[in-house]
Each structure stands twice: as structure tokens, then as C-alpha cells.
Amino acid sequence: MDTFVEQFPVVINALNIGFLQTLKLFFVTLIGALPLGLIISFGSKSKFVPLKLLVRFIIWVVRGTPLMIQLLIIYYFPGLVFHNNVWGSNETGRFIATAIAFIINYSCYFSEIFRGGINGIPVGQDEAGLVLGMTKKEIFFKVKLLQMIKRILPPISNEILTLVKDTSLARIIALQEVIWAGQAFMKGSQGISGEIWPLFFTAIYYLIFNGILTVILGKLEQKLEYFK
Amino acid sequence: MKKFLSIVMIMVMAMSLAACGNSAKTSTTSNKESSVDDLKSVKDKGKLVVGITDFEPMDYKDESGKWIGFDADMAVKFAESLGVEVEFVEIEWDNKALELEAGSIDCVWNGMTLTDEVTSAMSCSNAYCNNAQIVILPKDKVDSYPDVESMKALNFAVEAGSAGEAQAKENGFNYTAVNNQASALMEVSAGTSDAAIIDSLMAAAMVGEGTSYENLTYTIGLNSEEYGVGFRKGSNLTEELNKFFKTCYDDGSMKEVASKYGVQAALAEQQ
Amino acid sequence: MSILDVSHISKSFGNTEVLKDICFSLEESEVLSIIGSSGSGKTTLLRCLNFLETPDSGTITVKSNKIFDAEDLDYLTDANKRKNRLHFGLVFQSFNLFPQYTALENVTLAKELAAKREDNFKENKKAILESIKQEGLDLLAQMGLSDRKDNYPHQLSGGQCQRVAIARALALKPDILCFDEPTSALDPELTGEVLKVIKELAETKMTMIIVTHEMSFAKEVSDKVIFMDDGYVLESGTPDEVFNHPKEDRTIQFLSSFNK
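Residue numbers (this note's numbering), protein chains in the order written: chain A, 1 to 228; chain B, 1 to 271; chain C, 1 to 260.
Possibly wrong hints are sitting among the right ones.
Simulated crosslink set (DMTMM-like; lysine to aspartate or glutamate; CA at most 25 Å straight-line) [as the list claims (entries may be wrong)]:
1. A:136 - C:240
2. A:137 - C:118
3. A:165 - B:85
4. A:136 - C:105
5. A:47 - C:105
6. A:142 - C:105
7. A:144 - C:240
8. A:144 - C:53
9. C:196 - C:130
10. A:142 - C:30
11. A:142 - C:240
12. C:149 - A:91
13. A:228 - C:240
14. A:228 - A:166
15. B:43 - A:91
16. A:24 - B:92
17. A:47 - C:53
Hints listed in this document are in silico derivations from the structure and should not be mistaken for laboratory results.
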């Protein structure tokens with residue numbers, strides 16, 4: 001396996017498997033963190049002061065520490081402190097631990113964006129809904145939600161593109177995502193050793209995927225331009 | 001990276017103490033002193049979880065994706081002797097002690113050099129392979145740097161926390177710690193570092209004709225060192241493995257496996 | 001029998017007493033104008049009637065039903081508030097239209113949501129929605145906005161927005177329609193079209209309470225005028241009484257500032 005032509009399919013196959021893991025982590029994080037972020041943003045606005053303080057404290061801790069440390073803590077803490085490795089050793093266990101760390105981390109970031117988005121909607125929208133006899137739930141879902149989405153879409157898009165790249169942090173607890181897969185060929189894997197190019201080639205994966213996301217998010221923003 | 005990890009460890013420990021108060025403290029100490037019956041727990045769960053990295057010729061995948069290599073084959077044999085299955089788990093090498101302590105793996109069996117750092121963090125088996133840390137240079141520079149003295153003018157790249165880094169320190173080289181041996185080679189190849197220090201076993205597979213690093217070559221050896229297998233501190237599996245190694249060495253089966261992967265010359269005698 | 005009886009309403013924000021012992025009543029089909037300088041409590045009074053603020057004391061009675069009693073706040077559940085505030089409609093100074101809905105959707109949204117809350121909605125879904133839409137179209141026609149039904153608020157002028165807002169308030173068929181300075185946010189040349197619509201509503205015998213700075217309009221359209229100052233109802237009566245024969249010095253002073 002000396003020539004590039006021989007190596008290419010083997011490397012691409014390995015990178016595809018790694019990138020599948022990257023994608024899985026990306027989507028699971030989004031699906032978990034968007035709704036959880038909304039719930040947390042309500043918590044951080046709660047009129048019940050102890051809840052509000054607790055939620056704000058958690059947000060402060062999560063946003064104030066590196067995601068990498070959070071990954072290490074979530075995966076290793078149960079084993080180190082309670083002598084009970086709840087996650088298991090294999091890839092599935094590592095993935096679940098990673099996904100939980102990512103969902104917690106990103107939902108805190110999202111919650112702050114949501115909070116800003118909700119606070120930015122004029123109070124007159126609430127009042128107009130109230131005097132028209134709408135319930136609070138109806139006012140949120142039928143009146144404010146879409147206005148909020150329009151406001152938060154640009155900062156959320158930023159976070160989403162960052163998330164794609166942040167998935168590479170998962171390798172700290174040996175989740176075998178695409179960069180891990182690329183790096184394996186530097187040390188030696190599947191008969192290919194000392195190859196540098198697969199590592200750099202992973203950048204293409206990120207670039208293409210982020211390109212697709214940029215187009216989709218841009219389309220979405222455009223779609224919401226029909227009102228001001 | 002090493003500094004960063006020690007900070008992580010300190011934080012993890014500090015937070016675990018804060019979280020658990022005295023109970024955590026006592027259990028950590030007891031871990032160090034009294035023995036841990038890993039033999040029983042491995043037999044109970046019916047498998048031995050072996051922490052590895054993709055590291056030819058010790059642990060690597062064959063075409064079908066099965067883990068093979070000198071270490072992998074020996075680990076399979078050892079698990080067989082215990083009557084359990086073996087499960088290989090790829091780990092981040094920097095976190096090997098964390099993985100052991102957290103119980104996500106039972107041993108580190110991956111051409112691990114027995115440095116002071118390793119032996120103080122784990123319970124280690126007897127050495128089963130001899131190895132050396134050697135200097136890698138671009139071919140065109142070899143003649144200009146014949147000895148350690150002349151090499152002091154160079155900037156080295158070494159794997160963080162590796163035996164190579166220990167050698168760089170000992171010889172007073174200027175060095176940058178990178179995250180694995182392959183990265184160290186890439187540094188030299190890219191010209192961002194002048195030289196690298198890596199394992200001789202690894203160098204044989206990765207440097208010279210027919211690799212990405214045809215322009216590099218290995219020169220002098222800085223030391224001789226030994227490979228061993230790491231278990232949790234106080235684990236009774238260490239003793240079990242030492243006995244197993246002795247048996248395999250005596251009946252020639254260890255040499256047989258070593259020959260398969262071209263490392264028979266490096267085998268260490270088992271007492 | 002009065003359609004509305006407001007009795008001894010007071011309201012404070014922190015240490016500032018904004019409404020002090022407000023009492024007045026209104027007969028069906030009457031138009032009441034509330035005048036007074038900024039900060040006299042006019043807007044707060046309207047907001048109390050619409051349950052956007054909760055008075056500290058007093059009662060509010062609509063069609064012989066006591067819908068608010070400061071002594072009985074347990075009654076003030078979210079559901080009861082929702083039910084009772086529908087006696088009133090409120091048109092805001094700054095319109096507060098829903099930006100993501102068209103003019104027609106702004107008018108029909110609340111009605112549709114109310115219909116969906118009913119048990120029999122599913123069976124007659126199509127017919128119910130169709131009739132709500134038709135009512136919305138009629139209201140927009142009444143406001144002279146038929147050709148604007150599919151426009152979004154940002155595509156409409158201020159005067160058009162305010163007319164949509166009036167149609168939106170009328171859609172729920174309130175007993176009493178309240179206006180909170182409906183022309184204050186408009187360019188002077190656009191106030192006419194809104195005042196014209198309000199005048200037309202008065203002709204249809206709609207009961208209305210109008211907080212306004214348009215004195216000549218108030219004089220022309222009202223059956224009754226209240227002058228508020230510093231949280232009190234200082235003077236009340238027919239437009240002729242209040243505008244032409246004010247009894248209080250403060251009223252004379254206030255009115256003269258408009259005649260300069």
C-alpha cells in the first residue's frame with residue numbers, strides 16, 4: 001500500500017466511518033440541546049428565585065469551563081469517584097458520555113441566546129395577545145416563537161457551525177471521530193503507516209459539511225425575511 | 001500537554017474530594033495500599049478490557065478489522081488462560097492512567113515503556129521487550145550531527161509524556177512536546193522541528209524507504225529501555241501476568257508469537 | 001342600567017400612587033373621552049380595565065357582573081381574567097400588530113385560537129374557519145383595507161396599521177372598545193383616517209373609551225368627558241360642560257394650553 005492510489009480508498013473508507021460518528025454526535029447534540037436550551041432559558045428567567053439562581057449558576061459553570069474538561073469529568077468521574085464506571089468501556093458508552101457532555105454544554109450556550117431572543121421581543125406583543133384573550137402558551141407558540149427564531153437565527157447559526165468543529169474534542173475520551181480516524185494513519189493502521197495526508201484531508205469533510213449547513217441556515221434566514 | 005494534563009488531574013482530584021469528602025480520600029488511599037482483586041472482577045464480568053492504541057507492530061488491525069500484533073496476540077492468550085474473553089478498547093494515550101483508575105479498562109498493553117512516571121501511576125508487569133529511544137533526522141543532516149553534543153544545537157519534537165521526552169530532558173535538548181510519535185515525525189518532515197526522538201520499534205515501521213518519511217532516517221540510540229503491561233495500582237492481575245509470561249517464555253510460545261511480528265530479537269528474558 | 005361601573009379604583013407602582021379613588025360609569029352606546037396631561041393616570045386606568053394591571057382596591061362591574069374586586073383576588077385566575085377581559089377590546093398607541101402575520105391573519109388569529117379551544121371545533125373545522133375568515137374580511141372592508149388584507153404590517157403605513165389593529169380588536173366583539181392614544185404614534189397627516197374610523201364606529205353605537213390628546217375630536221365624538229389630573233378624576237360631564245364651562249382651575253389651565 002505504497003501508492004496514493006492504493007491508499008486512497010482505504011483512507012476514505014476509514015474517514016467516512018469516523019465522519020459518521022462526527023455527524024451522529026452533531027445531530028444528537030442539536031436534537032438534545034435545542035429543546036433543553038429552551039427549557040433552561042425559561043429556568044433562568046423563572047420568578048422562583050432559588051431555581052433561577054441555580055440555573056444561572058449551572059450556566060456559569062458550564063460556560064466558564066472548557067468543554068474538554070467537561071468531557072473528561074463526565075466520562076471519568078463516575079469511575080474515579082464512585083468506583084463505578086457507568087459508561088462502559090466500548091465505543092457506545094463513550095459516545096453516550098460524549099453526547100451528554102455536548103448536550104449540556106450546548107444547551108447552556110443556546111439558553112443564553114434564547115433568553116436574549118425572548119427578552120428582545122417588545123412587551124407589547126405579550127399585551128396584544130393577552131387583551132385578545134390568548135393563553136400564555138398560545139402567545140408563546142403562535143406569536144413570540146417565530147419572532148424569537150428570526151432574532152436568534154444568526155447567533156444560533158454561529159454556534160451550530162462551531163459545534164461541527166467542536167465535535168473533534170470528543171477524541172480526548174477516545175471517541176473515534178474523523179480526526180481520530182485520520183490520525184490513525186500517521187501511527188499506522190490497516191497497513192498504512194506514517195501518512196500525514198489523511199489527517200489534513202479531514203478538513204475537507206468539515207469544510208463541505210459546514211458549507212452545506214451555511215447554505216441551509218442562510219435559506220432559513222431568507223425565508224424569515226418576509227416580516228420585520 | 002503534560003502540564004495541562006497534570007492540571008486536569010489536580011482539578012479532577014480536587015473536585016472529587018470536594019464532591020465526596022472523606023470517603024473518597026480513604027478509598028483512594030486504600031487503593032494504593034491494599035490489593036485490588038481484579039482477578040475476581042475480571043472473571044466475574046467474563047472479559048478482560050485491554051486499553052490500546054493503533055500501534056504497529058504491537059497492536060493494530062488486520063484487513064478484517066481484527067486486532068492483531070505481538071501485544072494483541074499475547075493479550076488474547078492471557079485472557080484465554082484466565083478463561084475470559086478479551087475486549088480491545090482504543091484509548092487516548094495521554095489518559096491511560098485515568099482510564100485504569102476510572103475502571104473503563106483493566107490494563108494498558110501497548111508497547112508501553114516502563115518509565116518512572118508509568119511505574120508510579122500503575123502496577124506494572126515485568127519487562128517483556130527491550131526497546132531504545134533513537135534520534136530521527138532528515139537524511140541530509142545526518143553527517144553534521146554525529147553525537148549527542150552536536151545535537152544540542154537542534155530543536156527536537158517528542159511525544160508528550162513519552163520516554164522520548166524523558167530522554168530529551170535528560171540530555172538537555174531543546175524540545176517541543178507534541179501529542180504522539182507520528183506528530184513528532186511530521187514536525188521533522190515539515191521542518192518545524194529539526195529532529196525527533198521515538199521508539200526504535202516504531203522507527204523501524206515508520207521511517208525510511210516505502211513510508212511517508214523517506215527523507216528521514218534514524219541515527220543514534222539514547223538509551224535502552226523496557227516494555228511492560230500496566231494494571232491498576234495494587235491489582236493482583238500483575239502477578240498473574242508475570243506467571244503467565246514466565247510460562248510462555250519457557251515453553252517458547254512467546255517467541256513464536258514475537259517471530260510472527262518481527263520483534264523476537266527484542267524479547268526480554270522472563271525470570 | 002350602566003354597562004360599566006368603575007368604583008373606587010386605586011393603583012400604586014412602588015411609592016407612586018398613579019390612580020386615586022377613580023369612580024365613573026358608562027351607559028351602553030356612549031363614547032367616553034379621557035383627557036389629561038401625560039402621567040395623569042389615563043393609560044393606567046385603561047390597562048386596569050383590560051387586566052394588564054391589577055388595581056390595589058375597588059371594583060369593576062360590567063353588565064351587572066362584578067368582574068374585578070380587589071377584596072377577592074382568588075377569583076382572579078388566569079382563566080377568569082381571560083374570560084372577563086374579553087368584555088373589553090384595547091387598541092394600543094403603538095399598534096402592537098403581530099409582524100409575522102398578514103393584516104387578515106392579525107384580525108382572525110385570536111378568534112381561530114379561541115375556536116380551537118372549543119370541543120366541537122374538529123367536527124366543523126372547515127365551516128368555522130371559513131366564517132371567521134369572512135368576518136375578518138368584512139371588518140377589513142369596514143376599515144377600508146380590503147386591498148391590504150395580504151400585506152404584512154411592515155408593508156403598511158402607520159394609519160393602516162392602526163386600522164388593522166382596530167379591526168383586530170373588533171373581531172372579538174367586545175362590549176366596550178378602549179383606545180389608548182390611538183393617533184399619538186402617527187404622522188399628523190395620517191391621524192385623520194384613524195379618527196374617521198373611530199367616528200364611524202361611534203355612529204354604529206359602539207360603546208367606547210378613548211384616551212386622547214385630540215381635543216376637538218373628543219369634543220365632537222364624545223357623549224361624556226373625564227379630565228384626569230395626578231391620578232384623580234378632577235372633572236367629568238358632557239363635552240359642553242367640560243370644554244366650555246370647566247369648573248376647576250386645573251382644567252381651565254390644561255385646556256388653555258391646547259388653544260394657544
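### Message
Of the numbered hints stated earlier in the document, which are not met by this structure?
### Response
Structure breaks hints 1, 3, 5, 7, 9, 10, 11, 12, 13, 14.
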